[in-house]
Each structure stands twice: as structure tokens, then as C-alpha cells.
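Participant: Single-letter residue listing:
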Amino acid sequence: MGETRLAWRNVWRSPRRTALTVAATVFAVFLVVVFVAMTRGVHEKMIEDSVRLSSGHVLVTAPGYLQKRTLDEFLVLDDAAVHTLDTLPEVVGWAPRVVSFVLLSRDVTSRGVAVMGVDPARESTVTTLSTRVVDGHFIRGGSPHEIVIGERLAERLGASVGDQLLLYGVAYTLETAYDLYTVVGLLRLPDARLERSMAIVSLADLQEFLVFGDRISEIAVLAESSERTGALRDALRRGLAMLDSRPVFHTWREVMPDLEQLIVLDDLGFYVMVAILITVVGFGILNTILMAVLERQRELGVMLAVGLRPAAVFRIVFLESLMLAAVGLVFGLVLAVPTALWFEAHPIHVGGTMAATFEFVGMEPVIVFRLTSSTLWKSSLLILAVAAVAALYPALKASRANPVDALRTI
Amino acid sequence: MLLRFAWRNLWRNPRRTAIVVVAVSVGIAGSLLSMGVNYGMVDQMVVTAIRTELGHIQVHAAGWEDEPTLQKTLPGGAATVVAALERDPRVRAWTRRVRGDGLVNSPRASAGVRVIGVEGEREGDVSLLREALVAGNWLGAAPRRALLGESLAERLQVELGDKIAVSVQDASGDLTGGGFRVGGLFHTPSSELDRSTLLLGLGEAQVLFALGDAVSEVVVVVHDPDEVEALRTSLAKELGPQVEVRSWAQLEPLLVYMVQSFDMMAWYLYAAVFTAMAFGIANVLLMAVHERTREIGMLRAIGMSRRRVVAMVVLESMWVTGVGLAVGMAVALGATWLLRDGIDLSAFAQGLAAYGVPPRLSPVLRARDFGMPLVIAGVAAGLASLWPALHAARERPAEALRHV
Amino acid sequence: MRSGAHGRRIAVRRLRPLLLAGMGCALALAAAQGGAPAETQGQSAAVPGVRGPGLSLEAVPEGLDADVLARRADDNMRSASTYFHGRMTVESPRLATPRSITFESWEDRGGKRSFVRILAPPRDAGTGFLKLGSNLWMYIPRVERTMRVPPSMMLQSWMGSDFTNDDLVRESSEVEDYDHRLLGVDPSVEEAPGRRAYVLAYVPHEDAAVVWGRIIAWIDAETLAPLRQEFYDEDGEKLRVLRFTDHRRVGTRTVPFLWTLTPLDKPGHRTAIEVLEIRFDVELDESIFTRRHLERSDRDG
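Protein chains in written order, with my numbering: chain E, -7 to 402; chain U, 21 to 424; chain D, 5 to 305.
With the rest of the complex left out, here is chain E (with noise of 0.2 Å):
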């Protein structure tokens, strides 16, 4: 105990190097907690607004269904199983689809789709379709033959709000299928190519066009964020077990291989950024405790001569250096967290060439935060590491000192 006290006035011995080096501690602990909760808030977001157009964190088909995509690959929901997903904690949202490719026309331009049938409400809490209506509005349960197409898809069949479309297609009966479908509105999406094919009816209306039954082609499932994905998947393994139609469960890692390396990929840069700035500091506090060192040579002398173990010299010059740093760690933790959550609450909308950039990549263009406990504590743990390694060399040599020699100097 004598010890830490000893090593606390030692750092204090003097305040202006001391409070340099913690200021140095501080503005990387500062840098590092709020990049860190912006690069995963950013991440974070980049996954939820690509699962939140297609296929939500889990998707969940028949066998097969994502080779061949033809009917014959159906999953049928009973009440169970509706109650099971309508309950299941980690499910936020789930929205059952049909699936189909079809002929899509209007006069005697016509143009083959893969027109997807939803069900508005449910659909709702997995996809921001609905949110993505430029003209006209979503389709909405009650209105049989409503359509929503994406808008470039409405410029090649020369079409718009109000037009009607002939649907037509091979039912599920092997009968012909065609209906005539009134445009209600137009959809814009940061995918292009996903804009030039997309077409929505309701879930109902398509298994009636189809003869489907109250088949299904998939169910999209959404999960509290990209990191529960793997919880979601389990519990929706478990619970949907009973299935006759055997279910597969596939992530978004799964269907978007892409997105993740490409997140790995950001992190990867961004580690390496974090490392640069952490191993500047650590030299600063290596700097600064082999200075506080050197010069109380005389005293570390006399310590050791008057039957001070080298160890416990050696903890005493560690315990400064961890001291040093976990000063700076508290301060940047208090300027930093409230930084970091504020910046949650109240993410920063960005414009011109950047806003650019994000919406060729599919993003809204906002950054936005988010502040994790895992966050705080790893970056803790870094700065104390540091901190430790660049007490090594300084400690040992404070330890091995010669108390002869040591009093010898003036």
C-alpha cells in the first residue's frame, strides 16, 4: 500500500511533464472512443440499411430456394409457428414474401420482373420500402391489384401513378396467370439495378394470382442489430423446428458476402490507425516515466540501499506508469462518452461530395454513432497495456540500479 501511494506522489513530483504526457493520454483515449463509436455506428448502420431493403438480418426459405427460385420451393406457416415468430424476443420484425417471376405490362411495352408479394404491415417492420415511395404511397392492405414499382423501372415501361399494368405469369397450378394492376406508386433506391427490376403487390393478391395457397417463398427476419444476427438465427432454428417444409436459415453475412469483407476491410484501417496513435503516446509515457526515473536516481539509490527490494522498485515505477495513464484514460472517458452519446442522439447529416459518396454505396448520408460498454473497456485494457509495456525498460532499469553508484551522483 505504501507502495501505490509512493508511486502517486511520484507522478506528481512534476505536475507540468506529468500533465503533458496525460494530456496526450487523453486526446488519443478521446480520438479512440469516439472514432471507435463512430466507425461502428457508421458499420452498424451501412448492415441495417442493406438488410433493411432485402433480406433483413436472417432470411428464411425452403431448400434450395436460392439456387432454382421457382414455386416449388414454398415454406407454409402454421398458427404455431406464426405465434412462434410473433413472440420470439430476438424477432423485432418479420415480413412473409412470395416470390415470382412475371411479365410486367403496360400497352405494349412489357418487361420480365421478379415481382415480390408483401404483406404491407409486417413488411413494415423489417424494410424501409415503404419509406422509399417518391410518388403515389406504398401498397396498403385493404386495396386489392395495387402496385409499387421501382422508378427507373416505371421510365422503361413508360408508366406512372395511376397507369394500370398487366400482370401475367405461370401460376403455381401450371394455369396462365394475368391481372390487371393499377400503379398506386413509385419507389426510389440507392441500388440501381435493384430500382430497374423491383415491382411490390400485396402477399395476398399474388397467392390468389399464383394459386398459391398460403404458400410462401421466404420470410425476411430483422433482428435488434447486425450483432444479434447469430442469436436470431438460433432462436429461430429452435423455434420453428416443427416446420414440415424444413426450413434454412441464412444470414445476411450469407446472402451479402460483399458487405462484410468490406467492413472488415474499413475495420482493418481503422485498427491500424488506432495502433499508430496509441504506440505515439506509449513512447510519450515511456519518455516521460524514464525521465521521472533518471532523475531521482539518487533517491532510487538510496531506497535500495536502505534495504528496499528491486521488485519492489520495479512495481513502483510500473504502478506510476499505469497510474499516468489510467489519469488520462479517466479524463478522456469523461470527455469522451458524453461526446460519443451525444453524437448518438444526434447524428450529422452530411452534404455535397460526401453525401455522394454514401449514396453510391446504398447509405443514407448520415453518420451516426453508437457507444458500446465493450468499447470502453477495450479501450481501457489498450491504454493500460500500453501503458504497461512502456513501463518495462524504465522499471528495470529503476530496479537494477547500483545504490552505489546511484548515490554518487549529484
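These are computed hints drawn from the structure, not numbers from a lab.
Cβ atoms here follow ideal geometry from the backbone N, Cα and C, with glycine treated the same way.
Just to be clear, a hint being listed does not mean it is correct.
[Said to hold, decoys possible] Covered stretches of chain E, as calculated for chain D (at least 3 residues, CB under 8 Å):
1) 98 to 112
2) 161 to 170
[Said to hold, decoys possible] Listed below are several chain D residues computed to face chain U (Cβ distance under 8 Å; list not exhaustive):
3) 215
4) 237
5) 240
6) 271
Given the coordinates of chain E, work out where chains U and D should sit on it, guided by the hints.
Facilitator: For chains U and D alone, coordinates are given in the frame of chain E:
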């Protein structure tokens, strides 16, 4: 003289100075290298885009950029455009293409594709498509051969030599098509390209789309990338309003945004790292100044002005930073040279391919990339020295001399 | 674009010429200086481009020209203007009972035009398909809509069967887009017990938009009526079998009145066409091949 003085002061406590120099070097080397990798990535993105399809400049019929349809063509093999290009010494190479959409099918699968008709020889001078061949032969070796991206061939479940059928809507709106054999497979850094593009000979594409001798575009590469804009404007003026002349930056503004955003990232990185460094430098200077209080007092007593004292301290800061910079830059350049064959990022191949970046990335550091860190380092060093310098200057000579 | 199951339908595309206006298989005789692997009597031999056990074929009589025979066989099934009335039945594991569609068609062989009108079931009655050259239009009376079928839809199933829209439209005929080779004479073919059949190989031209490897066809040696066709991909794997039975005399021609298509990669699937009426050299009104006619849904030709 002051310079030499400052230098000697630094090395009075070699260990301390050495540690600071090492810190500065590590900071600079690390930042430069990591920016080097980033620049390498952006470079690759731009290079890939330019070398796979964009070229430096593209010429189309007027109105093509707004609405790229099959019918908007440059008639007569774009003879006037070609003539203008041949006359201009800034042009390194040019080629013509036909562009359309279609459906390609094999016995087992079908896919919607972009069909591009290219001139065998010339295309090789302009784009890297020829080098991107991983199997089979380039166009021109045999008639009715199509080149497919590797992933497209996989999707269609075809191999070299297999027969495929291409259906399109030609220039008069008629449904038409033709049979071709897979003559070659290519693999470019861009996954999008590989997945959705079919290459045919220019002549055969013109026949398929019933275009006669018209072409969809002329693609140009220049000797000196800095001359792109100048060439573009002069071409546009010469060729008149029936054609559009666009530079790659205009066709893909996103690439430009990416470059700009990396520059901004660099700024933040250097600012953060050098600020952290500045604290360390300041600390060391402060200690040094404190130790030399008596000496400084003496210097002041014999007539050295306050300003010169400040200057001396500032110079010491500059020296430390300078040496650190030199060492750091040397390390960064050395590492860049060592890694010139590229860092293996194949674990991220898919993600990178989405942006047209190959999985082997070499860091890139050019002369102008050093400008920013140099300036920021200089400013950081200057700021770091302020407090110690002022502190040194404030001491009154008499008191300083009495200092122990 | 859809792959997989839809892709399989492409394999059946080559059926189009055989389907719409009638059928023709050609006999190809390679003269001694040809290259056709005519086999000696009774010997089993491997057929080039085909995987599986060889065929036991007899030698071919001299003096027959492959292309001439191809044309004659084609003529047996089609005339310059042909009227066809048939019932198509589709079987699939999805269906408890097979689905039936009745239709009539008119073909102008020289002008590369044809017209199909669906007669039954009621929901599809009045639907029309107009083919002009390589373009296909479709009309649905209930919603009074005409549309042009885009390339992406050409490979989709026609009326829910194992045929595709493309089969309806393909300009190529087995005479124009293929080379023909006689392989030999089969003395015992399932579809015509007791009769002899010429066995022909159809090999598509390089520039034809056909992705088949080849088609092996059996034709009655006497009447030149089609008996069977087997469709192979380029690796020699058999993908489809088309059988022709219930042969009857119509004027100077012998026509099979039941055609059955079995896709080998889709177990439980089968499409059959019964000929209800077929008339050759009919009077064709020009107005049949117009959009105006397409958009009338009454039954007058």
C-alpha cells in the same frame, strides 16, 4: 549558427531525444504507410475503371449520357471522330465499341447481359480486357466466338467451346439472335463486369444488332493523364454538337468523390497522429528547457534576445521532427518498395472486387502525398514548441542564473 | 434472369418447328463418300455426340440425299399453309389432375408467320399469339391487353407446359438450321412395332442460336412420318424425348396424332399434344396475321 546550437542542445540527452525521434518516426511511417495502402486502393479503383471500360475519354452520339439506347449511334464507323483522333498527338490509342443488352442462354441456364462488340486489336491497346483473359483466345482468332466473364460462365454452366445463344432486340426493335461458342474466359478486378458482360467481335455485334457500320462509342486513352480535360474540350469543339465528348471523371463522378474522401481521411489521420506526437515533443522540450535554465539565463545575460531564445527552442523542435520525418519517410518508402508486389488481401477478395480492386494491393506513395504530412508535421512541431519556448524566454536572466 | 428450372425449358426449344405447324424429320443419307457412320447389319455402335449404349442399326440403302430427305420429311408434316387444331395436356407432380388446353393455329410457312388461338379452358379462351418473323405478340381478351413478349420472357414456359415461348417463335426450322446425317436403319423402334425406321442425326449450325448438341430422330422408312426424337446437349446427355404415335393418313401424308414430350430432368412432368384436326394447303386470309385480328377474341379464323 542558431541551427547548430539547437542541434547540439538536442543531443545533450541522447536517450530522451532518441525516444522522441523514434516516436515521431513510428508515427510518420505508420501513417504514411497506411495512407499508402489507401491510395493504392483508390488508385486501383480508378485504374480498373479506366482500364476496363471507361478509358480516359469517351465519345458518343449526343444525348447518350442521359439515355443510352441502342439507336443512338455514331454512323459510318465514327469516321469523323477517328480522323480527329488520329490527328491529335496527345492520343495514345482509341477503339470503337457497340453496346447493347440481351439475353444469353446455355442448355442449362440463362442470364441477362450487356453485349459489347469490340475491335480485337485496338481494344487490347485501350483496355485491360485482353490481359484479363484467363482461358481461351482473344477475339479474332475464329469467327463467332464470344468472351465471357468467369463468373458469367459459371452462372450459365458453360466452359470453353460450349455453344451459347444470344437473343437481343435489334436497332429496329425486332427480336433476333445468334449462336456463338465460348472462345475465352476473362477475369477482371471488377466482379460486376465479370458477372454481366459478353464480348463479341465488333463486326459480328453490328450484324447482330442490325447497326450496319455504326458504332455506339469511341474510347480514347491519352499519353498524359493531366491532358485529359484539355483534349476533351478541344475534341468537343472540333466535333460539334452531334456528339458528346466526356472524360472519365464526368462519366463516373463517384470515383472522383472517392479520391477526395481519401484525401480528407489522410488529413484527419495525420492531424490526429501528429497532435499526439506534439505532446511528446513538447514534453521533451520542456524538460530540456528546464534543465538548461541557467544556461539560458547566461545566454540572455550576454545579450541573446528573447526572440532568439524562442527561435532556438522552436528550431530544436523542428530538428527533432525533421529527423523523425526523415527516418519515418525512409521507412515508409522502404516498406512501400518491399511491398511493391502487393499485400495479399485475398480474404477480402469479394468485397474488393465489388469496387474493382484486385486482391493483391501495393501501397502507393507519390511525391505529392508527402506534402500534407510535412506541412502538418511542421505545424505540429511549431505548436509543440510554443509553450517551452515561451517558458524559456520568460525567465529573467538574473533568476535563471541563480537556478540550480 | 432465371436459371435452373427455367433453364431446362431452353432445352426443349428445338421442339418449336415440330410443334406448331406439324412435324418433319428428315432423312439424311450420306453417300458412301460422306462421313455418316452407317453401320453394318446387327452391329451395335456408339453414336457420336450421344452418351449411352449404342444403337443397333442396319445399313442404309444407296442413293438417298440427306437434305432432300429432310425437306421431304418436313413437307410430310407441313404445307405452305397449315391449319392445326389440338389439345395439349400437361402433367406435373404439382397437379392432382392434368391440365388441358385446346388451341388452333395457322401457319404461313414461306412468310414465317403464324397465329395461335386458345379455345379452352374458358379462362384462357380467346388468348392469341401472333408471330411475325422473330417477334411475338400476345393478346389477352379478358383484360383487352396486347403485349410484345420481351427476350427475358422467351424462355419462360408457354401456357404452363414444358414448351417455351421461344419454341413458338424460333425462326429456324430443322431444315435450315441443321446439318443432317443418316446414321442407319432401325428395324425395331418402339413407336412403330414391325416397321423399319431411318435414324437421323440433326446437328445445329455454328451460327444458329441453338444450344443443342444434337437431335437424333427416327422416321418411318416408308411414310417418312416422325416416330421419335431424342434431344441431347453438347456433352451427349439426353435431355428430352418426344414420341409420336397414333399415325393416321391425311390426304397423301401420314401424321402422328399424339405427340408426347418427356423432360428427363423433371420427374413426373409430361406434356402431350393430341391432334384434333390438321389440314394442309388451306386458304389463308392475309388478315389473320395482323394485330387487329389478334385483338379480336371471337372464333372466326
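Participant: For each hint, tell me whether it holds in the structure or not.
Facilitator: We went through each hint and held it up to the structure:
no.: 1; hint: 98 to 112; result: holds (count 6)
no.: 2; hint: 161 to 170; result: holds (count 9)
no.: 3; hint: 215; result: holds, 5 Å
no.: 4; hint: 237; result: holds, 4 Å
no.: 5; hint: 240; result: violated, 12 Å
no.: 6; hint: 271; result: violated, 17 Å
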